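Asks: Starting from the given sequences, assemble the full structure and let the hints guide the process.
Protein chains: 2
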Amino acid sequence: MTIEYATAHRRASHIPAEAGTPYFIEKGDGDRAHLFGDLITIYAGGEQTENAFNFFTVEGPKGNLIPAHVHADTYEVFYVTAGAVRLFVEDLHGNQQEKLLTPGDFGFVPKNCPHAYRMERHHSQVVGVAAGPGGTFERFFETLGAPTDQHGLPRDAFVPAPEKFATVPQQYDVRFLRDHQWKTG
Amino acid sequence: MTIEYATAHRRASHIPAEAGTPYFIEKGDGDRAHLFGDLITIYAGGEQTENAFNFFTVEGPKGNLIPAHVHADTYEVFYVTAGAVRLFVEDLHGNQQEKLLTPGDFGFVPKNCPHAYRMERHHSQVVGVAAGPGGTFERFFETLGAPTDQHGLPRDAFVPAPEKFATVPQQYDVRFLRDHQWKTG
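Each protein sequence line maps, in turn, to chains A and B.
Per the UniProt record's numbering, the very first residue in the first sequence carries number 1; after that it's consecutive.
Per the UniProt record's numbering, the very first residue in the second sequence carries number 1; after that it's consecutive.
Hints are computed from structural coordinates only; laboratory data are not their basis.
Note that the coordinates shown come from a computational prediction; the quantities given were computed from them, not determined experimentally.
C-beta atoms are modelled at their ideal positions from N, C-alpha and C, and glycine is treated no differently.
Mixed in with the good hints there might be a few duds.
[Said to hold, decoys possible] Below, simulated DSS-like cross-link-like pairs (lysine-lysine); rule was C-alpha separation at most 25 Å, straight line: (1) 111(A) with 27(B); (2) 27(B) with 62(A); (3) 99(A) with 27(B); (4) 99(A) with 62(A); (5) 62(B) with 27(A); (6) 27(A) with 99(B); (7) 111(B) with 27(B); (8) 99(B) with 164(B).
[To be verified] Beta-carbon label-pair distances, calculated as ranges: (9) 178(B) with 178(A): 57 to 65 Å; (10) 149(B) with 167(A): 46 to 54 Å; (11) 162(A) with 157(B): 28 to 36 Å; (12) 67(A) with 152(B): 38 to 46 Å; (13) 121(A) with 165(B): 44 to 52 Å; (14) 12(B) with 167(A): 40 to 48 Å; (15) 177(A) with 123(B): 39 to 47 Å; (16) 7(B) with 8(A): 34 to 42 Å; (17) 28(A) with 93(B): 24 to 32 Å; (18) 182(B) with 20(A): 15 to 23 Å; (19) 63(B) with 176(A): 47 to 55 Å.
Replies: Set out below in structure tokens:
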């Protein structure tokens with residue numbers, strides 16, 4: 001049985017429009033978006049949880065570096081379910097760490113801690129939760145990138161228009177750190 | 001590199017005692033507990049997220065029925081990463097659904113929706129997030145069950161003393177529905 005709903009985010013979504021409704025979503029059928037070479041799939045967001053938390057996956061090819069960034073009000077989980085993902089994180093005192101995460105491994109990034117990551121195997125997948133007292137920010141990916149009905153990775157990388165970088169990240173509690181350097185390597 | 005911390009919950013935990021600290025936990029090395037035949041592993045809790053959310057896994061053998069229960073203030077994610085798990089859920093109007101979830105499938109249970117589940121393959125694993133505006137309740141499992149340093153499923157099922165059922169669930173926003181019946185089968 002597959003139910004699709006018209007929502008604020010999609011003409012046809014498996015996430016119910018009405019909060020308080022239980023639901024199931026089969027693998028890959030969440031709200032999907034492309035951003036650069038990655039596929040982001042949202043399974044639950046703030047509208048489902050009274051803004052307590054969200055739940056999404058990020059899938060990507062090997063070599064896709066996500067630049068250093070920071071969230072002022074958002075805690076973030078990285079839980080790897082396929083492939084290998086190298087997570088870089090800096091604590092509030094400036095101490096840096098990196099670790100290669102393989103399936104079942106977990107990384108936690110508190111608010112205000114600069115971080116970055118790189119998929120180090122093809123077909124890597126990370127489960128993410130990104131939320132804090134100020135809410136959840138799962139629609140960042142499709143607002144900077146582009147919603148899609150396709151399954152699978154983008155055939156061609158989706159590169160946002162430059163002007164979007166000036167406005168979208170700050171609306172979703174993302175601040176890129178252009179000159180940040182990792183000294184952990 | 002492995003760092004262990006003394007915390008309020010464990011003499012040696014991979015979850016830092018001090019909030020705001022980034023951390024990594026390798027597969028299986030979170031705070032572990034046994035409850036009946038299951039192994040519950042906490043990777044993050046309310047103390048890490050200003051009570052926004054938690055992140056844990058539940059692993060179990062085939063056939064382990066978790067009785068119907070409900071949370072007044074907690075939204076719950078079931079994301080299957082191994083095996084197969086049948087999730088039963090009833091909406092706020094009394095309509096019941098069930099679905100067999102296999103790896104990559106997702107189920108969402110809003111607050112006040114009765115639900116139950118059963119592992120239908122050995123070595124099943126569910127990733128869980130259970131939180132709401134009132135907080136997070138990840139220590140339910142070890143308070144009703146028992147903390148453990150072991151990896152892997154309990155050798156013998158851990159059965160809580162009967163009197164614990166009278167006090168522990170209500171402290172963690174769990175209410176068991178003893179006479180609940182599923183008519184979906």
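Asks: Falls inside 24 to 32 Å, the C-beta gap from residue 28(A) to residue 93(B)?
Replies: holds, 29 Å
Asks: Hey, residue 27(A) versus residue 99(B), does the alpha-carbon distance stay inside 25 Å?
Replies: holds, 13 Å
Asks: Given the hint that residue 99(B) pairs with residue 164(B), test it: the Cα-Cα distance must not exceed 25 Å.
Replies: violated, 31 Å
Asks: Assess, step by step, whether the Cα of residue 99(A) is no farther than 25 Å from the Cα of residue 27(B), and give holds or violated.
Replies: holds, 13 Å
Asks: Taking the CB of residue 7(B) and the CB of residue 8(A), does the distance hold inside 34 to 42 Å?
Replies: Cβ of residue 7(B) to Cβ of residue 8(A): about 40 Å, so the range 34 to 42 Å holds.
Asks: In this structure, is the beta-carbon distance linking residue 162(A) and residue 157(B) contained in 28 to 36 Å?
Replies: violated, 59 Å
Asks: Given the proposed pairing of residue 99(A) with residue 62(A), does the C-alpha separation stay at or below 25 Å?
Replies: holds, 16 Å
Asks: Verify the proposed pairing of residue 111(A) with residue 27(B), using a straight-line Cα cut of 25 Å.
Replies: holds, 23 Å
Asks: Looking only at beta-carbon atoms, does the pair residue 63(B), residue 176(A) fall within the given range of 47 to 55 Å?
Replies: holds, 49 Å
Asks: Given a hinted range of 38 to 46 Å, is it respected by the beta-carbon distance of residue 67(A) and residue 152(B)?
Replies: Roughly 39 Å apart at Cβ, these two residues keep to the hinted range, so it holds.
Asks: Below or equal to 25 Å on CA atoms is what counts here, so check residue 27(B) against residue 62(A).
Replies: Distance of about 21 Å is within 25 Å: holds.
Asks: Can you let me know if the beta-carbon spacing of residue 178(B) and residue 178(A) is within 57 to 65 Å?
Replies: Distance hint for residue 178(B), residue 178(A) holds at roughly 59 Å.
Taken one by one, the earlier hints fail for this structure at numbers 7, 8, 11, listed in ascending order.
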